[in-house]
Amino acid sequence: MLHVLDRSVTAAGTRLLVRQLATPLANPKQIRRRLSLVRYFVENSRQRGDCREALGAMPDVLRATGRLSLGKATPLDLGAIRDALGQAWTLTEILPPVVAVVSGLKPIVRDLEHMRQGDASALRETLRRALTVQPERDIAGFVKSALDCELDEARTARDEVAEALTQFQAQLVEQTGVRSLKIRRNALIGFHIEVSAAQASGLASPFVLRQGLAG
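At position 81 of the sequence shown (counting the first as 1) the number is 62 in our numbering, and the numbers step up by one without a gap.
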């Protein structure tokens, strides 16, 4: 039944439809209010299309805020909250003409306007300034450059260390003649030189064997 009825453009819309089907209205006033909304959007294709377009670009913000409340949010979730707030502001521009005809949407528009004028607007601006356009799930690099001086300095230091290690590795390869030589790092012994067991036996001082693995 859900597959036949569901034409939602958001995951939240599908979840709402599931709840409405599971607990149908019994109050005649509420039923008439919902039917008036349905009638309006059936008869006004342009407004319906505008709303569907705005909602279609809405991320699953409930999932994102749920992970955030559990301390399990990723940069992807922060980007979803930023984008969802932006789409909510778009809806505040689309819905007022609808409210003028159908009063059932007034509470929704009122809540959206209240959010836009409150802390949610400041939150969106902070996320817009801080996050890259398409943050990934990985925590690396999701904050824009030039936002925080200390972060920029740390990134510069990281890049300089990586470049120095690359150059040092190239020098060691040339010095030893071992083309497969790599500089690695792990939590147990820190930075180290990695070669195969057969190649390690041929390396003289100043190299010191710290850890041997089969092969």
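Rather than coming from a laboratory, the hints here were simulated on the basis of the structure.
None of the values given here were measured: they were computed from a predicted structure.
Any given hint could turn out to be false.
[Stated by the list, open to error] Simulated DEER-style distance windows between Cβ atoms:
1) Ala3 - Ser126: 23 to 29 angstroms
2) Pro77 - Gly122: 55 to 61 angstroms
3) Gly158 - Glu117: 37 to 43 angstroms
4) Ile170 - Ser126: 30 to 36 angstroms
5) Asn8 - Thr113: 45 to 51 angstroms
6) Val19 - Ala143: 26 to 32 angstroms
7) Thr107 - Ser17: 53 to 59 angstroms
8) Glu117 - Ile75: 27 to 33 angstroms
[As the list claims (entries may be wrong)] Result set (DMTMM-like, lysine to aspartate or glutamate): computed pairs, CA atoms no more than 20 angstroms apart in a straight line:
9) Lys125 - Glu94
10) Lys125 - Asp140
11) Lys53 - Asp64
12) Lys163 - Glu141
13) Lys87 - Glu74
14) Lys163 - Asp133
15) Lys53 - Glu117
16) Lys87 - Glu141
17) Lys125 - Glu141
18) Lys163 - Glu175
19) Lys125 - Asp64
20) Lys163 - Glu144
21) Lys53 - Glu34
Think of the CB as a built atom: it goes at the ideal place given N, C-alpha and C, for glycine as much as any other residue.
Exercise. Please name the hints from earlier in the document that this structure breaks, with their numbers sorted from lowest to highest.
Key: 1, 2, 6, 7, 9, 14, 16 and 21
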